[in-house]
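Following the hints, put chain B with the ligand in place on chain A, whose structure we already have.
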Amino acid sequence: MIPSTFEYKKASSVDEAISLLTEDAKLLAGGHSLIPAMKLRLNQPSSLIDISDIDALKGISDGGDHVLIGAAATHADIAHSALVKGACSMISDGAEQIGDIQVRNKGTIGGSLAHADPAADWPALVIAADAIIVMQGASGSREVAAASFFTGFYETALAENEIITAIKIPKLTTGSSSTYVKFSQPASRFAIVGCAVVKNMDEAGEVGNIKVAITGVSEKAYRDHAVEDELMGQPLNQDVINAAASKAASRVDVMSDHYASQEYRKHLASVYVKKALQNLI
Amino acid sequence: MSSYIGQSVKRLEDKRFLTGKGHYTDDIILPQQTYAYIIRSPYAHARIVKIDISAAESAKGVVAIFKGKEIADEGIAGVPCGWQVDFKNGETMKEPPHPLLVVDKVRHLGDGVVVVIAESKAEARDAAELVEIEYDVLEAVIDPKKAAQAGAPLVHEDCPNNMCFDWELGNPKADVDAAMGKAHHVTSLEFVNQRVIPNAMEPRAAIGDYQVATDKYTLYTSSQNPHLIRLLMCAFVLGIPEHKVRVVSPDVGGGFGSKIFHYAEEALMIWCSRKLERPVKWTSDRSEAFLTDAHGRDHVTEAKMGFDADGKIMALRVNTYANLGAYLSTFAPAVPTYLHGTLMQGLYTTPLINIDVTATFTHTTAVDAYRGAGRPEATYLLERMFDLAALEMNVDPAELRFKNFIPAFDGVEQEGYQTQVALQYDSGDYEPVLKRALEMVGYDKFRAEQAAQSNGKLLGIGFSTYIEACGIAPSAVVGALGARAGLYESAQVRVQPTGKVSVFTGSHSHGQGHETTFAQVVADKMGIPLEDVDIVHGDSDSVAFGMGTYGSRSLAVGGSAIVKSIEKVLEKGAKIAAHLLEANPDDLDYAEGKWTVKGTDKSVGFGDVSLTAYVPHNYPEGLEPGLDFSSFYDPANFTYPFGAHIAIVEIDKETGKVDLKRFIAVDDVGNVINPMIVDGQIHGGLAQGIGQALFEGAIYDDTGQLINGSYMDYCMPRADDLPSFEIDRTVTPCPHNPLGVKGAGEAGCIGSTPAVVNAVVDALWKGGFKVKDVAMPMTSQRVWTAMQSETV
Ligand SMILES: Cc1cc2nc3c(=O)[nH]c(=O)nc-3n(C[C@H](O)[C@H](O)[C@H](O)COP(=O)(O)OP(=O)(O)OC[C@H]3O[C@@H](n4cnc5c(N)ncnc54)[C@H](O)[C@@H]3O)c2cc1C
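From first to last, the protein sequence lines are chains A and B.
One point on numbering: in the numbering used here, the residue at position 88 of the first sequence is 601, and numbering is uninterrupted.
One point on numbering: in the numbering used here, the residue at position 726 of the second sequence is 933, and numbering is uninterrupted.
Because the hints were derived from the structure by calculation, they are not lab data.
Please note that the accuracy of each hint is not assured.
Covered stretches of chain B (chain A as the covering partner; in silico rule of three or more C-beta atoms under 8 Å from a C-beta of chain A) [stated by the list, open to error]:
1) 327-334
2) 489-496
3) 917-931
Here are some chain B residues pointing at chain A (derived, C-beta under 10 Å) [as the list claims (entries may be wrong)]:
4) V743
5) D859
6) T862
7) G863
8) D866
9) L867
10) I914
11) P984
12) T986
13) W991
14) Q995
Partial selection, computed: residues in chain A whose CB lies under 7 Å from chain B [unchecked claim]:
15) A592
16) A700
17) S769
18) A773
19) Y777
20) V784
In this text, a Cβ means the ideal position worked out from N, Cα and C, and glycines have one as well.
One chain only, chain A, in its complex shape (with noise of 0.2 Å):
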């Protein structure tokens, strides 16, 4: 478990990262995907650019109408961030159910959103709720809805030479709720199903918007409109959640492997489609 020579360096700005960010680079964050694959020699990197101690990617701030979240905010400053909590519950709640304890105090949310682990729980929590990443290159600062960062299986809409600083949460409106439900796979306790939901119910108290994200079942996360259609301007009840949870899954190609099978994965689609709507009653 010897990765192959690299060279170490330690970044003290988010400029100073981008100016050392050559082609063999890579950045590191809590290196709880990198280092392994390092240990294998998967993954070989030339040097490594540690960021994990730059202050301006730490901090979770409060940006009036979302909340910023620093792109190297550890999992578990997220699960533990009251102020996280009062804007989205289930972004604080899905952080609390990644990996364990040691994962949550190491890992943080921009490596995920980088690495783009197709049973990640990070990419359906910022797809669902609608968040922008943002990114920075040597040409300036950009923004992404998550909804369209991520581009394939491990791969998103980050250039080679960019960096995510941060992820903009948007506070959840008057008469909003959200959820985050999680069948793990039992040794790696990633998600096989992973499934967030943000719902608003309209006055007449139907669903006026609601977003579906799914992990874990397709080489990315995606927004599951097959189940969003079903319930829009419906009123959530058990006939509406079963109808909508037995569409999901139905317009991807849903993965299979010796834990989950096509066929079981996506029946789990539906159980934690289903879940999560019940949740949100």
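Only chain B with the ligand this time, still in chain A's reference frame:
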């Protein structure tokens, strides 16, 4: 005057373990030490076309690179097997060579091909990257039953049908089949007892240290039995003189069987060290451990159990294919045979039993003893059949067991119980363990709850009443059964002049707490304070000989050897005391650390006698100075712990997820020296057995790649997966060893697995899904699938 035996004395070794001061093989750094990295096969079966080490040889820090051919050219064939089981027709067991590094062919994923030795571990690893090996990949066979079929790829050219041996035990098949034909009900089941990977917390490590100046060798190794490793390595692998070789197993972080065996890396490190005249260290990393530590279980079995109208078992017929992996590991042949077939009687009066075992080679990691070794497989078979039969016959599984239990016998007044499968049980009283477990579980109440359950969950209860053969083992008996070693134990009790006692035991502690349990025995028997006793183990230079620790044998065999030496010490001590007291030794009583002349207050203490033994000025004529005795203890029989385990599970109907709600274990391990340590052993064993039922299992694909060779995929049981265990004991002393102990190390792992599976099947059955079996590990997907296909 029993002040320590029976007490939960806190573990003396824990101070160093809990403060991070344990000293393991990898902690040892010798002057001039080099580091080895072993390049392993990425394929399960392939011919080696070419190995090019030229680039690696000149890499930074490289000291040497060796290939299998250089070793083979010195006439070194490889590591031997310690047990021989011949074919039914008398033909000798197939015993293909197990080279230290392969020469022309790799036979399992992880087979060792090249060793790179460098000044640092990182340099060795980096240089290994530069070694180019070209393979011609061949078809592989993974399944033990398929391996025996015509046309299967051969693991060894000279082993037709991949057969190592076939074997049969019990009553004639014709008799068993005739009885089966007359049975009122026959329960039959085909199942797999899946392959599990031991996963000791400390990965294996070995340091070879050859010193030219003294022509002596030292092997430091993470092993459960250093003396056996020395014997095998000297006599059968390297042909080096045993008296010049020291083997040290310092602190060892768990073994579960996987560190019993003599591994190629041990001999390889010694061989390399002799070549280089420098110490060479190899430490397995976790990925390597998954591929090279001997695995456990892996049986494919068909069984039939016939009952009469009354529910009494009439006959049992078993056919098992046992996977041995690519090479024969040290005790591999014994596991599916003499540690498995011989347990087919269980706790029951079954009059006719036949078991047939076919052991095959496959392109997989070697399979050998793993906590319980054969006995869990036997228990799994019997207990699964029992609960299934109860469901099929619509009778109560507990009642069915009570009906079939062997009546109580103490092995003293009543004779031991002669089974149909070679063993004679020492003592047993089986009803009380099940009765107690039923009481603890609140059986009637549970059944009512189960019937009333209506929350989308399925409740189930599963039983397992097991017996195991421990205290391994009477040498002559195992010798007759093919063991190539004796299975006695040695102990030396050395009283120091000041009356402090050093005990040298051939047992080896790697988590079992011997330093405490053994000290309790010694302190009690000698009437001295616990602090005055030191237990030394794991070094062939200080311990005369040893057969090591496995098969729950340490206290029953190693402890008995200690007791024998204590008796000799006290007998000689009495002679010295008698001289000092001017009395006859027969007139003395020994208690609380002193000899007293009966009926008087004249006495002399243990310390004075000890000092006199070493300063023999006023001393019995003709008596040698010193107070230091060795003994070897060869047990008269195996010991037979038993118990009753009950699992309660709840299944989520929507996902198939199994939640283990309760686990009750009532075990009888004979007399108990330290209840806390025994509880700990039971807890650990339960977690492991439950782990097999619900979480663990090696998954090979058809090409022999291990799909789940890391903790991201191979699921070990964790604390939050398990309920708080509810445990209790009964005590039926062993009649044939001085402490009356039976052994507790494996019980939890042997009894628990089928109880969990039975509970799941019960839950499904009562919920209307009449499935006979859910393959282990019972993942939520498997349970869910069972509910989709077998609806009534
Ligand atoms: C045992 C275990 C269990 C786990 N369980 C779960 C789980 O249940 N759910 C789950 O979602 N995850 C789980 N994880 C993954 C964990 O959450 C990781 O921490 C996370 O995926 C990566 O975050 P990190 O900070 O450790 O990133 P690192 O490992 O440091 O980096 C990961 C990748 O992201 C890049 N990167 C890091 N930060 C940035 C940035 N700011 N901008 C751009 N690129 C960046 C790195 O260069 C690297 O390529 C688990 C991990 C382990 C080891």
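Right, here's what the structure says about each hint:
Coverage of a stretch by a chain is defined here by at least three residues with a beta carbon nearer than 8 Å to that chain's beta carbons; for the region 327-334 of chain B and chain A the count is 4, and the condition holds. Closer than 8 Å: that is the beta-carbon criterion, and the region 489-496 of chain B has 3 residues meeting it against chain A, so the requirement of 3 holds. Counting residues of the region 917-931 of chain B whose CB lies closer than 8 Å to any CB of chain A gives 7, so the stated coverage by that chain holds, three being the minimum. Using the Cβ-Cβ criterion of 10 Å, the hint placing B:V743 at the interface with chain A is not satisfied: the shortest such distance is roughly 33 Å.
Because the beta carbon of B:D859 sits about 9 Å from the nearest beta carbon in chain A, less than 10 Å, this interface hint is met. The interface hint given for B:T862 is met, as the beta carbon of that residue sits about 6 Å from the closest beta carbon of chain A, less than 10 Å. Because the closest C-beta pair between B:G863 and chain A is about 8 Å apart, less than 10 Å, the hint holds. About 12 Å separates the beta-carbon of B:D866 from the nearest beta-carbon of chain A, more than 10 Å, and the hint is not met.
At a threshold of 10 Å, the smallest CB-CB gap from B:L867 to chain A is about 13 Å, leaving the interface hint violated. This hint holds: B:I914 has a C-beta 6 Å from the nearest C-beta of chain A, less than the 10 Å allowed. For B:P984, the shortest C-beta to C-beta distance to chain A is roughly 9 Å, which falls under 10 Å, so the interface hint holds. Annotation: B:T986 was flagged as interfacial toward chain A, and the flag holds, the nearest CB pair being 6 Å apart, inside 10 Å.
For B:W991, the suggested interface contact is upheld, since its CB lies about 6 Å from the closest CB of chain A, less than 10 Å. A cut of 10 Å between beta carbons decides the hint on B:Q995: the least distance to chain A is about 9 Å, and the hint holds. A cut of 7 Å between beta carbons decides the hint on A:A592: the least distance to chain B is about 17 Å, and the hint is violated. Contact between A:A700 and chain B, as hinted, is supported at the beta carbon level, the nearest pair being about 4 Å apart and thus within 7 Å.
Interface restraint check for A:S769: the shortest CB-CB distance to chain B comes to about 11 Å, outside 7 Å, so the restraint is violated. The closest approach between the C-beta of A:A773 and any C-beta of chain B is roughly 6 Å, which is under the 7 Å cut-off, so the hint is satisfied. For the restraint placing A:Y777 at the interface with chain B, the shortest Cβ-Cβ distance is roughly 5 Å, inside the 7 Å limit, so the hint holds. This hint holds: A:V784 has a C-beta 5 Å from the nearest C-beta of chain B, less than the 7 Å allowed.
In summary, the numbered hints that this structure violates are 4, 8, 9, 15 and 17.
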